[in-house]
Amino acid sequence: MANKFLGSVMATFDKLSSRPIVKKVVYALAVFFLVSFILIPPVLGITFKLGLAEQVFSNPELVNRSESAIFWSFAIAFSVATLDLIAGLPIAWIIAEGRSRWINIIDALADIPFVIPTVALGFSTLLFWGNSGPVSLLGVIVPPGLLLVLLLHFAFSFPVIVRVMVGELMAHNTIYETAAKTLGARAFTIARTITLPLLRPGLIAAFLLAFARSLSETGATVIVAGLFENGPVFIKNAKDAGLEGPMVLVSFTLIISSVAVFALIRLLGNRLKIPLNRAYPGPEAGLSSKRSVNFRNSVTLLVFGLFVVLPSIYITFPAFGALSDGTLQKAISGAGVWSSFWQAMTLSYVIAVLVTLINIATGLPIAILIARKRLGRLATTLLDALVNVPIVVPSVALGVSLGLFWRTLNFLPEFWILVFAHMTITYTYFVQAMAAAIEGIPEEMEETARTLGSRPLHVFRKIILPLAKYSFLSGAILVFTRSVDETGAATAVSQTMKTAPVLLVSWVKHQVPVTDSDIALGIAFLVLTSFASLLVLRLIVYRGKK
Amino acid sequence: MPLIRAEGIRKEYGKVTALNGVNLTIKDGEYLSIVGPSGCGKTTLIKSIAGVVKPDAGDILIDGNIVTPIPIEDRGVGYVFQEIALFPHMNVYDNVSYGLMVRGVPPLDRSGPVEEMLHMMNLEAYVSLYPKELSGGARQKTAISRALTSGSTLLLLDEPLGALDLKVRTILRYELRRLVKDLGLTAIHVTHDQEEALSVSDRIVVMRAGQIVEAGPPMQLYLRPEKIFTAKFLGEANFMTGEVTETRNGDIMVNVDGSRLIAHTGINVSLEEGEKTVLAIRPEFVDLSTKPGGVNTWTCEIISASFVGDTMRYDVRAENSANLLVKAPITGHESSFMAGDKVFMTLPDENLLVYRLPEEGLEKALSLE
Amino acid sequence: MPSLRLLNVTKRFGALKALDDVTFEVKDREYLCVLGSTGSGKTTLLRSIAGILRPDEGDIVLDGERVNSVSAEERNAVYVPQTYALFPHMTVLDNVMFGPLAKETDRRIAEEVAIRVLRLVRLDKRGDAYPHELSGGMQQRVALARGLASGAKLLLLDEPLGALDVRLRLELRTELRKLAKESGFTVIHVTHDQEEAMTIGDRILVLRKGKLQQLGTPYHVYNRPEKIFVASFVGSTTFLEAIVESRSKEGSKLRLREGLKVRVIDSSFEPEEAVIVSVREENISITPEPRGDEHNRLSGDVTEVHFLGSFIRYVVKLTNGDEIAARVPIKMVKTEINQGDWVSISFDPMNTHVYEYPTLGLQGELEVS
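Chains as they are written, first to last, in our numbering: chain A, 1 to 546; chain B, 1 to 369; chain C, 1 to 369.
Calculated directly from the structure, the hints in this document are not laboratory data.
Certain hints may be false.
To be verified - With a Cα cut of at most 27 angstroms, we get these calculated DSSO-like pairs of lysine-lysine: (1) K167(B) to K261(C); (2) K334(C) to K291(B); (3) K364(B) to K227(B); (4) K261(C) to K317(C); (5) K211(C) to K15(A); (6) K227(C) to K167(B); (7) K181(C) to K23(A); (8) K24(A) to K330(A); (9) K330(A) to K509(A); (10) K125(C) to K181(C); (11) K239(A) to K23(A); (12) K132(B) to K211(C); (13) K103(C) to K4(A); (14) K331(C) to K462(A); (15) K227(C) to K132(B).
Chain A extracted, bound-state conformation (with noise of 0.2 angstroms):
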């Protein structure tokens, strides 16, 4: 009974999707979603009060820190995402080629900076090459400081980088390889040559997608800083210190300048010309022995498991001693501190299941829109730029106006904002993977569908959706912890509610009474609840590619 009025409801529905004008309204709606609450407030909330940064101008040391910050910020950026493509490339091959026993382990441990929330990864470095870690018996201490955010930053860049390209490598079709084989090349040769031109869009966007996270990253980057400042430090320190004018100025140098680099990044790099033209066949044939192979491996391996790896997991240790010493019967049982802590988690985690849901829902039409480029070449392009604007822009600059935005107009309660700040850094996300699904089932199968009698949103629940539900579920548990992990545009927003990673950042710059247990507890917490829903969406992937 129930069924045969679901499946009537469902009917009018699909009747009513095959009409243009509902079509035409339904995009039009999601496009003017994505306009008027991802892309303006951002964009446009900043220049409310772009008269503030004067402010900044008749102070010749704030001039000089603002300079200072946003020139740190690019210079790490850029050295971070050459320095990973480098290192990490030979391990995505490495897991992409499948040949050693260990795939499974390295595979797993690549993702680890990318599993572990930034606070984690940040609170985890600073006690790794801090003067009490492991590193400190060889005679070695990183205080906080420029060097420690530089190692910070190429260790969690390092995951994207590497989840990017064993993707590409994987789909990569080796027949020109083995073409180039039946020719007389050798594998290093071939690697130069054939593979890395044909992955270059590939590698493009790996090196864009490490920029744009570390330009972002403010949680961690915080922890680890010391007195050294480049953008996202430089903002919070203002914010702290209630200096407006600074926080807006370098805000708005910020957004105007990722997109600027963004765009020349992505034109030229499509432009630059790799020299093909001649190949030394002698010591070429030296780089493609098993030794100089088993070599480069080695090397890099020593440097993933030093640089990325150990760092990342090192929190663990006083995790556990946490464990023992009675700070978590405090934890459960909500006493002091406690109590705001599993406040700022249910709050973090509200606003995760909403920024989720919400993001799909005005997502979904967006992501077909690009994929089956409805609008023509041009505008989808251009959709598709806008699309990836917020994650371009660094969160925190991106909070900032975001805030300013609906602070000005006035109307929205701080939790909303709060919502709207994590819904326009995690929007991206589920787009991009959707449309990357939809992408993957040829158009034919749907036109087919339609001769067969079937309305478009018939077309999309029966074949569209089924296909596409592992990039589906992927796209959308991506947004839910990468939500739970925002810390940039959460500390730019928040001025009474504290999300938990805002709150963890504050336990551990020690400006609220905790214990250096109470730290590391209430950071794998959050690793802990992180790493579950990541391992659902492992699950559902690996389920997904058989």
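Go by the hints and put chains B and C onto chain A.
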């Protein structure tokens, strides 16, 4: 000295046996085609010769040297892939000169041989175009040029014309043979199109289920195939099972479901009275006429008639209920028959192929797997 | 009442006209074959009829109703692409039921219809299988069944046999036609294989660069090709450049290169006009010695001999440099003719066609795309 030899090649993929002990010798300068249904192992065989696939057992010898352990890049064999596999990020010129480039030949020294090859293949107009801008035929020619520019004398072609339209295929296949012969190369051409194989090869190898069924010059395999499968796979054939009623000096009289046929057994098959035999005849050798003929003439009824341009295809039911396919050229002198016509059908004894009834039964022996 | 009518349909992609002023009718229950090579516009034609593409100009009329602005799901014309587009996540039965269920048919009735259709294509036992578990031939039949079960009366097949082995193609050809006729469907079947088109089409529509070249029965298109392109694309034809020397009621005398003369039956061109004369390869007879009683006797050297199984094709370079090709059915080959032999060729004026000399030259006219 034979240029290539495959000895006892065996290759398995899990439970599937792709090659089951294949032995093949290819002479220097020969244009050899390998045909067979999908899954027969022809692509696996050619890949083993190239080194793309490593056989589980057996050896490949080139000019007397065992090359089985030698990796692809050192075998010096030109290979044209079914998927063509032109490097998408390089234009025609760079694709074709790649083989020379990786050998360390500087750009100036490469231009001579490359330009000569492009001229020979009529690709000069496409020099700076990229693969996605080329037509199917041009892509194919570029792939062949690329394989040849490295100077190898052995060319392996894996369904080289498979992706092309029928008309383009028929033109290009002759060009391919002409090129191979002009350059004095040895070529192994894998195809599932048996007309293609018949028209360009010096010798054809017929494969099935991982083994070589028969090998020989096209005319021989077509007109006097030794194995039943060859008779079926190359061209079309009618098969009839019957019982030998009389034998006399190499001639046999066969009873096919009540009708009689006289046939000649070749040197390879000797049958005795009472034995079961399979007779085969190609549809183009069956004569239809309104006038009664002599030996081996049966009455029959035309079940269906199709016009196919220069021939008529008739489905015919003979007096003994056998169904046969007949292809008759349209000459203009006589008019064609129509469905329902009752005519005389002659199966000339010189065109009847005689086989012993296979143990596994006719149907199994003819199946494509 | 004609089932489908196209009136002056034009479809552009940028500057390219994929369909150029196409007008034709398809009768109810007709099996129409659209013949053309890649790039001829045949896929665009099907997709426009199906409603996936909208024409830029002209009208598409289905069963008397102009459907230009009717959405694909409401047109009742099923499109089956070359890749079949079977839904990989659904079983065979679910795939076939998809059409009826999309049109809100009761589930039980949909299942009955589906099973009935699957029985027609002999796949009723594989209802629970998934597409990837089936062979190419079986997938093709599922795609067909899905179309048949949908309730539409117009079936649009895009190279339905293109992905299959040569053998399977021959077998499934006639089955396809039989199925369509038995179910009372109107079919538009696109192919680049002219033999396929001639065997199963009630009529053939030849398409080239988006323009309709000729529409007629196979006999008509084969024996009275109205354009040079049709004469070359359908069947195998030799073309010679000539100038009209004289004409009369019974025919004309043409002058080839270096003064060689031929007679043709056509008399529509005036003296001194430049023309192209075409003869089908099977209508050219070839003998080592001239017999003296033939029309249009010319001589030359045999440059190539191709064995094609049921016939042999000879390429002859005439004394004036022109090239002709003759095909002789294998059973009519009386004396052996080899490469390099001097031969005499002849053809009946009745078997010639004459065309106006094309503005783009002969090669331009023969280009497929």
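Now for the hints, and whether the structure bears them out:
no. : hint               : verdict
1   : K167(B) to K261(C) : 30 angstroms, violated
2   : K334(C) to K291(B) : 23 angstroms, holds
3   : K364(B) to K227(B) : 13 angstroms, holds
4   : K261(C) to K317(C) : 16 angstroms, holds
5   : K211(C) to K15(A)  : 37 angstroms, violated
6   : K227(C) to K167(B) : 17 angstroms, holds
7   : K181(C) to K23(A)  : 39 angstroms, violated
8   : K24(A) to K330(A)  : 56 angstroms, violated
9   : K330(A) to K509(A) : 21 angstroms, holds
10  : K125(C) to K181(C) : 24 angstroms, holds
11  : K239(A) to K23(A)  : 45 angstroms, violated
12  : K132(B) to K211(C) : 25 angstroms, holds
13  : K103(C) to K4(A)   : 15 angstroms, holds
14  : K331(C) to K462(A) : 58 angstroms, violated
15  : K227(C) to K132(B) : 31 angstroms, violated
Hint violations for this structure: numbers 1, 5, 7, 8, 11, 14, 15, all remaining hints satisfied.
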